[in-house]
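Trainee: Sequence:
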Amino acid sequence: MSDPVTQQWKPCGLVRRLLSIFYDSVLLLPVLFFATALIMPVTGGAIASGNPLYQLYLLLWCYLYFCWPWVKGGQTLGMRAWRIRVICQTGKNPGWKSATYRFLLAGLSWLPAGAGYLWALFDSGSQSFHDRFSHTRLVLGPFSNEPT
Numbered sequence: 000m001s002d003p004v005t006q007q008w009k010p011c012g013l014v015r016r017l018l019s020i021f022y023d024s025v026l027l028l029p030v031l032f033f034a035t036a037l038i039m040p041v042t043g044g045a046i047a048s049g050n051p052l053y054q055l056y057l058l059l060w061c062y063l064y065f066c067w068p069w070v071k072g073g074q075t076l077g078m079r080a081w082r083i084r085v086i087c088q089t090g091k092n093p094g095w096k097s098a099t100y101r102f103l104l105a106g107l108s109w110l111p112a113g114a115g116y117l118w119a120l121f122d123s124g125s126q127s128f129h130d131r132f133s134h135t136r137l138v139l140g141p142f143s144n145e146p147t
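Residue 97 in numbering that gives the first Met the number 0 sits at position 98 of the sequence shown, and the numbers go up by one each step.
What the hints contain is simulated information worked out from the structure, not anything from laboratory work.
Take every hint as true, because none was put in to throw you off.
Derived pair list, reagent style SDA-like, types lysine to any residue, alpha-carbon separation capped at 25 Å:
no. : residue 1 : residue 2
1   : Lys91     : Leu13
2   : Lys96     : Ser24
3   : Lys91     : Phe132
4   : Lys96     : Trp109
Kindly produce the complete structure, drawing on both the sequences and the hints.
Mentor: Below, the structure is given as C-alpha cells:
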C-alpha cells in the first residue's frame, strides 16, 4: 500500500535540497552576527568563540531560524526560494517535536561526509536520514500561499 502523502506531493531531489541549504546558510550568517551584537554589551565587547555558553547561544539562534518557519509555514526563506516545503506524514507542517528531531538529526546527517544527505539518493521516497527518522519529508511546490 502506498503512502497518501507520497501520492499527493513530488519529493525533493538532492541538488535542490543542497541549494536550499546553501541559500539558508547565507541568510543565517547575518542572523548570527546580529545575535552576537546583542550580547556584546553584556560581555564588554569580548566574545570567546570557544566558550560553550556562546556556542550554545548561537545554536539556539540556528534552531529558531530553522524550526520556527518549519512549524509556522513549512518553509525557511531558502526553501521558499527553491519551492520546497517540509511536511510531516499527514501532509501538514511538522510540530515542534518533529522539527526539533529534524534539526538535531540534520546535524548528524553531515557526518561522515554528508552521508545522511546522500541517503536520499538511495531512499525510495527521496528522504534523507533526518527526514526518515524525524518522520518528515521535503516536497516540491508551488504551494497555495505562494504567488504563481
